[in-house]
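The lines below spell out each chain.
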Amino acid sequence: MITESFVKKMEEIVGKEYVRSSAADLELYSYDASLVGGKPGLVVFPGSTEEVSKVMRAAHQEGIPNVGRGFATNLSGGTIIRFEGLVIVLSRFNQILEIHPESKYAVVQTGVTNLELQEAVAPLGMFYAPDPASQKVATLGGNIGENSGGPRCLKYGVTSNHILGMKTVLADGEIVDIAGPALDPPGYDVRGLLVGSEGCLGVATEIIVRIIPKTESVITMLAIYDDVSNAATSVAEIMRAGIVPLTLEMMDNTIIQAVEKGGPCGYPIDAAAVLIIEVEGISTGLKEQAEQVDKICMEAGCREVRTAKNQDERELLWKGRKGAFGAICNLSPNYLVNDGCVLRSDLPEVLKRVKEISDQYGCPVGNVFHAGDGNLHPLLMFDSRNEKELEQVHKAGWDIMKICAEFGGTISGEHGIGEEKREAMKMVFSGHDLNTQQSVKSAFDPKNLLNPTKIIPLPPEGSDKLPDSPPTVLKRLGGAQAEGVVEAMEAVRAAVAENKSIRIAGKGTFNGLGNQLTKESVVIDSLKMTDFIEYDQDNQFITVGSGVTLSALQDKLGQQNQWLPIRPPFGTTETTIGALVATAEVGPERLAYGAPRDMLLGLQYIDSSGSMVSAGGKVVKNVAGYDMTRLLTGSMGTLGFITEATWRISTRPETSKKLTAAGTMDSCFEAAMKIVNSNLLAALVTIVPEAGQATLQVGFEGLELVVDSQVERCTEVMSGSGLNVVGAEPYPLVEGFLAPAFGSIWEAPFVLQADVVIKHGAEFATQLSQAAAPTGMVLDVAGGRIYAGFDALTGSQWSAIDGLTSKYKGHCKLLKAPEEFAKEHDLFGASRPDWRLSHLIKNALDPDTVFAPGALPGRV
Amino acid sequence: MTVSSNYDAIAQCNKCGFCHVACPIFRATGHESGVARGRLALLRGIIEERVEWNEEMEDPLFTCLGCGACTTNCFGSVPTADLVLNARAEYFEKVGKKPAHRLLFEHLLPYPKRLHLAARTAALGKNSGASKLANALGLLRIFGRDLPKAEGIVEKLPMVSFRGTIKPETYEGQGSDLKIGYFVGCGVDVIQVEAGKATFESLKKIGKSVTVLNNCCCGLPPWSYGDIDNTMVLAEKNLKTFAEADVDVIVTDCSSCASFLKEYKKVFSDDPQKLELIEQTRSKIRDVVEFLYTSQFGGDEDKQQEVMDSYHDAHAGTEAVQQVMPKDGKAVVTYHDPCHAVRGQGIKSESREILKSLANVEFREMAEADWCCGGAGSYALTHYDLSQKVLDRKIGNLKKTEADILVTSCPACMIQLAWGIRKHGLKTRVFHISEMTAYKEKVDA
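Protein chains in written order, with the numbering used here: chain A, 1 to 860; chain B, 1 to 445.
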């Protein structure tokens, strides 16, 4: 209940003019772009993180529900406060604080719109990959809250892939800096959990985003169809061919009509459907790619493929596409939009079913969507002033979500669950899955004040838990039926019954990772979990048991010319999938392909009660619920026993070649930075320093034509920096070329992995050599990551190294250390404030510390 | 027209929020009350009886600049400015009108002479620094709460109005056949007198005769405030003046006036007799920008070339402009689109074409040239703080062009822009497009 004294307190904190409570003001903050309406009690406009903190602390003390919001373009009611609560508007957080093109990150306040960020970094030759259609108006705070997608995420992945860290205010008003500009900080992937948490876990005021050098060329094509299913077929065929377009968007005739009615954007109004297809890359080979796309479309029954002749034509097409939701008002006052995601190959059938539902309920439908991702946006049209229509449209929307779940997809790909889809969560998650997610929420927000009633279905009256029923629609393969899982569940339960803790193992290749366990533990291994549960070559995903080795997986995929583009630096042929997920290790090829956190679509695990929990799914975009997949990725066996993982996989590049050059460390680094910050699109850029000399190696993976051109241009850059260019040679794709360097590092008793801000990579490497004496080093320039081996390391050297990483805004961990050392030291260095959150989560999901006690950074 | 009768148009907004990006006020405040989506939501709230008519509605209704940028950016082209305007009328009816508005709309604007007198009083007060007197008696006082802060906006007021110098009658021109009527807007008449003189000179070069009309205010100020009754009084007076004048075209050098004169049928939408009269005069109305363009550039190619040559041989501008021009080389010139020109009348390329044709001009486009400057008629005087935020953005864009001269075609914009330039300490000078084209005879010939 908002009292007068609370209002007064708010006025003291933010100033009188920034507190609004008139009936008109409350009406203005009662809606977003969805159909959900709310009833706020008070609206405040804080101007600093400290003010947000004070506001939230006061709300926490008085038990007042609150929600942070930007410009409320949310499509699922996520920014609506249903009951008399507090709306915290972040519109004053409109500053871009820092841009570091050379280190590829920017620090922005959360009230900055996506487009404002794009416009700020564009003059520096950079861009921020996520580009939701609402980017003109949607704030970055909203983007991270929803884990937004957008057309370009087909190639670059969703928002979460591009968020490095954030400043967040927690429910009780505590301000915490989570992660930072350097990659993959120790502890759980809390930023991954927070992205997509729809404002239920905290209110972010600043975020650190990754920015990328602008690509050299882009070709925009408009493929015109007389038949929707031919368009859908083209989508599947293009992806099957191993082309990764920048965007692959579909609009049907209804949408074309709506858009063109609002002003001509260049769409033929008689087309049944169009695809907007863009390919991008270096200029060489791009035209050939476009021609290949053209050919595939024509073979699939396309009427015509047009190419945008200039930037104006391109922008006009995108203006139409990105304004399509708004344009619906040319046909009907309101729309309800679903954003379920299905497998691409199911699109023709699913679209048919959507049409049937639209007919059944009498709500006309238009489809405009991210076809390459299988991410539907059926816009159901109606007039909200007509109650019957409103009722019908909600039923239709519900049925569409059901169809998506029935086809093995998910109920939301990018718009979030919010208020609108909350009950539909039961379609895809079991009661236990949802209770698990709710316990994460409760760990962050025990009083349930942050954006309450969102995401998780409400438990039945008189209970605080949902009944443990299976998902009402989605049928998941694997799970407890997969090979070896039941035995593991029993083993977990048995250990718990005997009050023993558990260490999870694969083949033992990564057992050293994490702090030394503080309690004798039973080892339970995944070796029996060797099922290939589902492999869908066309839709490019594979689900495998965690006992499958990475090399077995690569062999299997290799038969279909596909692969999982990860080369864990210290992995062996024995490394299991379970270990890969648990450690989230990835090599310098991360530059081109991302990390396990970006490639894992879903997983299942046995929790500390011995029950199965499912996270994610098998579609490429999935924002249903908290991102438990990312939370478990890299959790080092401390949260549960991962039994299976679903990966997004890729077509193997035609060729892979490395270019080697030698010179001083400084000139190698200078050339490397030029390459990293150019639009050459290297797959990996590494430096191996040796006594007084250094070797720069740059890998290129792709079409032969393109790779050769890249090698040529890269040679020029290297020579320009005064390096002695040794030459180019092919290397085996799956193994890469760094195995010898990594192998030699691994021989040392101490192995360090440190991450710093990219531009300080060489400086850090030099200082590291002075702080201790590495036996060998590999510098992953583009990742700002240094691997080093040491024969000996004293406690003071270790703290010096840790201090060095802090100096360069990074962090470090010892992947390997002798037992005596591990007994005495935290292998992740001195404690960081945000580690507290990892422990909070650990306590919520494993309250009795069943799994790997003491392994987490900041050991208790 | 009541808010309820606009229900369909209001309900067309599906809250996509794309208007956020286009609205200068929202960009300045970040508050939902200052953007089309919010204003429409409140109107819908009123119709659906969730929101009441009271003073809380003043800001959402009256902070709208009426610039129309939201409509341009809206896929449904929801005419928010018009809908808000209708609502203002109802606001006055239900909540009440400020006496100050009444004084201006009912007692000054319909009568050019009274307006001249008021302006002169204000000028005396202002130019002598006796601002209290100006406040107490003058024109500026009328505008309300933010006035004390806003007083600095108008730098100085001419002592004699345009029509005080050039009386409303018919003058002989150098042209061969066209009879031109010159509609003198209030802003030009009492403040931008130099622009008026330049326009007058230009018109004389083109027309066989130029009649300076004895028109009164076009009616836009009361219309913007939702005061339909007073708008009708003004429009009727002007229609009568137009009907009596023996002219082929009616040209005005105020884009706001031009835009509104072309829209008189909105004012009398349910009076068929008036509509017929409006239809007759409608086709005669010209914004000076389009008039200069079509009469000088829009003719046959030979004539066009001739005009172009005459421009190229000459140095552009009135004496005041000449003083700003560099002795050798070109002046960098940029253009600000008045809302009433670019969105009100669809005039955009013409002004650039004219400026680019001038021999001693290097034209440089300004970012967001078609964004409102925040002047919006008397908006700057009534909502000072907000209008300054909008202005600061505009001046920021101007600064990036490094222009010597900023040209536009609306007196209210000129006042606002000149104020912004002074405030930010720039050296750029503001001129009306007429002042640029009123060229001297061939200098070097």
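What the hints contain is simulated information worked out from the structure, not anything from laboratory work.
Accuracy of the hints is not assured; some may be wrong.
[To be verified] Think about it this way: if two alpha-carbon atoms lie no more than 27 Å apart in a straight line, the pair counts; the simulated DSSO-like pairs of lysine-lysine are:
(1) B:LYS348 - A:LYS16
(2) B:LYS94 - B:LYS179
(3) A:LYS214 - B:LYS400
(4) B:LYS208 - B:LYS240
(5) A:LYS261 - B:LYS262
(6) A:LYS261 - A:LYS214
(7) B:LYS266 - B:LYS348
(8) A:LYS39 - B:LYS179
(9) B:LYS266 - A:LYS319
(10) A:LYS309 - B:LYS240
(11) A:LYS261 - B:LYS348
(12) B:LYS327 - B:LYS284
[Claimed, not checked] If the Cβ cut is set under 10 Å, some of the chain A residues that face chain B in the computed set are:
(13) ALA24
(14) GLU27
(15) SER30
(16) THR113
(17) LEU115
(18) GLY263
(19) PRO264
(20) GLY266
(21) SER332
(22) SER384
(23) LYS388
(24) GLN392
We put the CB at the ideal spot given by N, CA and C, even for glycine.
Each hint, compared with the structure:
Taken as a hint, the LYS348 (chain B) and LYS16 (chain A) pair is broken in the structure, with Cα atoms around 43 Å apart against an allowance of 27 Å. For the hint pairing LYS94 (chain B) with LYS179 (chain B), the CA-to-CA distance comes to about 46 Å; that exceeds 27 Å, so the pair is violated. The hinted pair formed by LYS214 (chain A) and LYS400 (chain B) meets the criterion: a straight-line CA distance of about 24 Å does not exceed 27 Å. At roughly 23 Å between alpha-carbon atoms, LYS208 (chain B) and LYS240 (chain B) fall within 27 Å of each other, so this suggested pair holds.
This hinted pair checks out: LYS261 (chain A) and LYS262 (chain B) have alpha carbons roughly 25 Å apart, not beyond 27 Å. Only pairs whose Cα atoms come within 27 Å are accepted, and LYS261 (chain A) paired with LYS214 (chain A) is rejected, the gap being roughly 33 Å. Our distance criterion of 27 Å between C-alpha atoms is met by LYS266 (chain B) and LYS348 (chain B), whose separation comes to about 23 Å. For the given pair, LYS39 (chain A) sits about 63 Å from LYS179 (chain B) by alpha-carbon distance, which is inconsistent with the 27 Å threshold.
At roughly 32 Å between alpha-carbon atoms, LYS266 (chain B) and LYS319 (chain A) are farther apart than 27 Å, so this suggested pair is violated. A C-alpha spacing of about 53 Å is found between LYS309 (chain A) and LYS240 (chain B), which places the hinted pair above 27 Å, so the restraint is violated. Our distance criterion of 27 Å between C-alpha atoms is met by LYS261 (chain A) and LYS348 (chain B), whose separation comes to about 23 Å. Between LYS327 (chain B) and LYS284 (chain B), the direct Cα distance comes to roughly 40 Å. Violation of the 27 Å bound is thereby established for this hinted pair.
Checking ALA24 (chain A) against chain B by beta carbon gives a least distance of about 4 Å; that is within 10 Å, so the hint holds. About 5 Å separates the beta-carbon of GLU27 (chain A) from the nearest beta-carbon of chain B, less than 10 Å, and the hint is met. At a threshold of 10 Å, the smallest CB-CB gap from SER30 (chain A) to chain B is about 8 Å, leaving the interface hint in force. Taking 10 Å as the C-beta contact cut-off toward chain B, the hint placing THR113 (chain A) at the interface holds, the least distance being around 7 Å.
Taking 10 Å as the C-beta contact cut-off toward chain B, the hint placing LEU115 (chain A) at the interface holds, the least distance being around 7 Å. Satisfaction of the interface hint for GLY263 (chain A) is found here, the shortest Cβ-Cβ separation to chain B being roughly 8 Å, below the 10 Å cut-off. Because the smallest distance between the Cβ of PRO264 (chain A) and any Cβ of chain B comes to about 12 Å, over 10 Å, the interface hint for this residue is violated. For GLY266 (chain A), the suggested interface contact is broken, since its CB lies about 15 Å from the closest CB of chain B, more than 10 Å.
Residue-level restraint check for SER332 (chain A) holds (minimum Cβ-Cβ distance to chain B is 9 Å; threshold 10 Å). Proximity of SER384 (chain A) to chain B holds as hinted, the smallest CB-CB distance being about 8 Å (cut-off 10 Å). For LYS388 (chain A), the interface hint is violated, the least distance from its beta-carbon to any beta-carbon of chain B being 16 Å, above 10 Å. The beta carbon of GLN392 (chain A) is not positioned within 10 Å of any beta carbon in chain B (closest approach about 17 Å), and the interface hint is therefore violated.
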